[in-house]
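Participant: Given next are the chains, with one letter for each unit.
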Amino acid sequence: MSAPLLLLILGTVLAVAAFALRARGWIPWLIAAGGSLLLAAVALGIVLGEPFEVMGFGIRLEAGWTFLGRSLVLRPENRALVSFVFVSGAILLVSGWASDAPRRLASVGLLILLTLAAAMMVQPFVFSPTLIAAAAILGCLVVVRPDGRAGRAPPRLMVSYSLGMMAILIAGWLIEVGGATVSPESPARAASVLLALGLAILVITPPFHTWLTASSDEAHPLAFAFIAVVLQTGGLFLLVNSLAAYAWMRTDPLVYAFLRGIGLLMIGLGGLWCLVERRGPRLIAYTLLVDFGISLLALSLAAPGGSGIALGMASARPLSVAVWAAGAANLFASEPGIADEKRPVRPIAAAAALIGALSLAGIPLTAGFPGRWMTLANAQGTDVAAVAAVVFGLGATWFAIGRWGSKLSAHPRDPGRTLGRGRTVVLLVGSAIILLFGLLPGWLFSWAPAALTGLGAG
Amino acid sequence: MVDIVVGLSLVVPPLCAAGLNMAPPRRVALVLLVGVFAGVGANIGLGQQLRIGLALLATGLLASAILAIGFERARWPGQGEGVGLVPAGRAFRAATVLLVAAAAWGVAAPYASGIGALPAARVTAALMIMAMGLLQLGLSQEQGAAALGLLTALAGFELFYAGLEPSLALRAVLAGIMLGVALVSSVLLQPSGEATEGRRTG
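Quick mapping for you: the protein sequence lines, in order, are chains C and U. Using the numbering used here, read the first sequence as starting at 1 and increasing by one per residue. Using the numbering used here, read the second sequence as starting at 459 and increasing by one per residue.
To be clear, the hints were calculated from the coordinates, so they are not data collected in a lab. Any given hint could be a false lead.
Unchecked claim - Have a look at the derived ranges for each label pair, beta carbon to beta carbon:
{"#": "1", "chain 1": "C", "residue 1": "Glu50", "chain 2": "U", "residue 2": "Val489", "range": "53 to 63 Å"}
{"#": "2", "chain 1": "C", "residue 1": "Thr66", "chain 2": "U", "residue 2": "Arg509", "range": "12 to 22 Å"}
{"#": "3", "chain 1": "U", "residue 1": "Ala630", "chain 2": "C", "residue 2": "Val276", "range": "40 to 50 Å"}
{"#": "4", "chain 1": "U", "residue 1": "Pro568", "chain 2": "C", "residue 2": "Glu335", "range": "37 to 47 Å"}
{"#": "5", "chain 1": "U", "residue 1": "Arg485", "chain 2": "C", "residue 2": "Gly56", "range": "53 to 63 Å"}
{"#": "6", "chain 1": "C", "residue 1": "Leu10", "chain 2": "U", "residue 2": "Gln506", "range": "13 to 23 Å"}
{"#": "7", "chain 1": "U", "residue 1": "Leu466", "chain 2": "C", "residue 2": "Ile27", "range": "54 to 64 Å"}
{"#": "8", "chain 1": "U", "residue 1": "Gly564", "chain 2": "C", "residue 2": "Trp373", "range": "23 to 33 Å"}
{"#": "9", "chain 1": "U", "residue 1": "Ala561", "chain 2": "C", "residue 2": "Val276", "range": "28 to 38 Å"}
{"#": "10", "chain 1": "C", "residue 1": "Trp248", "chain 2": "U", "residue 2": "Gln506", "range": "39 to 49 Å"}
For clarity, every value in this text was computed on a predicted model and none was experimentally measured. In this text, a Cβ means the ideal position worked out from N, Cα and C, and glycines have one as well.
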């Protein structure tokens, strides 16, 4: 048997179980989050190519699984990335129960994680965008309105990623078969433009972010956060893997100029939109854009550890948005009906939502801050525009989230302690972990160098 | 005879794709979608590999059947029911179809003979189908119309890309993407009532 096939079978069984038990309260979330952690452990720790025993049975797992002439391979160099996909999904899914997320998120979320893991393992690499697009199409099932109807988000998400996939496939053909490289010289210009377009869609660059804002308006906070974070992580890993795989890409200044350009664009526009936006979920969507932009900027600086900073930021992000989503979903103690500003808020949920949002915005002493600080340190003295953009992004998101927190503080407080003990514990533990990682950021960033050494990037 | 069918297969799919932009009733739209896939499948099957063409035809039929189930469950909503339809009469749609077709032709003509070993007519037809699919995506963001437009664009992409990269595995993955689009859209067309009522956020 092969390890990738084992992961696929195990994950599918867990997803089916989570779907079958979807009406059983916390059980589907336990299956989804626990299953994701199990898959992460299998991907990271399983012995490959040598026989070992499980409960008396001798097993030997091969690293590759071939299907229709193409392979899924769990190589030493991609094990950390595959495992990271499952861990980040587990962090998000664990708050599903606490946030009353749509029940299908547990099973569909697991399938999305499996598809993204397959995108990390597939050989040759040209298949990765198709699997990321497949994950996005599955994601359409969860970014729906509370009544289950499709709004604007699913069609936009489906269309964006399908178009991105088409662009990258054509660019891949032009580069691999046509012998083109990314260059401003004709005829390679077509490959450059298509590759840039596809990657811009996959890392959610404006104007291809409209599905993100639509889903923040329509979908449950956790569903929106889950899809945004895991799909952007898939796009980022595709980028990092491509940089590691293709020497011409790694050494071409145009590639870094492109990454720098879209990073600056995301920070600039995201920051401006944060300044004019008052609605909580939309504010988080724009803060996510700034966060994505800073990680791309870190990658583009091509300084030592740039990729490591981007990956470290990707590991802080799921934690921040999971805590925000759990807090935001439990924010109000009454259903809509009375004037919004008169709805009583639950203090612990509000505090958790604020801590999650502030961590996403990179306030000091939270998990989101170290990545920004390291990006600033890398850019200082060499790239004034990057420093200015990061400072602007930080200022805009801090101000906007502070204003949102101030608005929340004007609401009456819920006197009835209606949150429940279990949810209170989840929110408090999540918030405490954010603060702990703010104090001990090395834990968040320590896995990245090993993963990048395996990939040959850095 | 084969030449005539291959020739027709380059003309019929763009016409069917253009017809999809005229907001026809859903049943007619599904027939037009089958027409797009049948033409594309016939062209690839007769001009390249029969099994790839047949598989693409089967994918189109299956995707149309899945969408038909979704439309049936939603009681065959007409185009215009749902969110965000750009208000446009048939005359306006006809004008945009002609303009976009002319633009696609203009874009395709200079490059059509220089892409791999693909015949220029096939490249032009593929770009026309993709352009018509994209136009439909631009004219409506209702889920059913988006699925029809995206499947049209993907069929056009296959007509082009199958000639460049004839890998069976890639064909299987792309067929999976098309069926996934149809299946997910079919599920979303009908409110499931399963999604829990999320508490509104501040």
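Participant: Determine for every hint whether it applies to the structure shown.
Facilitator: Status of the hints after comparison with the structure:
1. For the hinted restraint 53 to 63 Å between glutamate 50(C) and valine 489(U), the CB-CB distance of approximately 57 Å keeps it satisfied.
2. Separated by about 20 Å at the C-beta atoms, threonine 66(C) and arginine 509(U) satisfy the suggested range of 12 to 22 Å.
3. A hinted range of 40 to 50 Å holds for the C-beta pair alanine 630(U) and valine 276(C), which are about 46 Å apart.
4. At about 60 Å, the CB distance of proline 568(U) to glutamate 335(C) disagrees with the hint of 37 to 47 Å.
5. For arginine 485(U) and glycine 56(C), the Cβ-Cβ distance of about 60 Å falls inside the hinted range of 53 to 63 Å, so the restraint holds.
6. Range check, leucine 10(C) to glutamine 506(U): Cβ separation about 38 Å, and the 13 to 23 Å hint is violated.
7. Checked against the given bound of 54 to 64 Å, the beta carbons of leucine 466(U) and isoleucine 27(C), roughly 56 Å apart, stay inside it.
8. At roughly 51 Å, the beta carbons of glycine 564(U) and tryptophan 373(C) sit outside the given window of 23 to 33 Å.
9. As the Cβ distance of alanine 561(U) to valine 276(C) is approximately 35 Å, the hint placing it in 28 to 38 Å holds.
10. Separated by about 31 Å at the C-beta atoms, tryptophan 248(C) and glutamine 506(U) break the suggested range of 39 to 49 Å.
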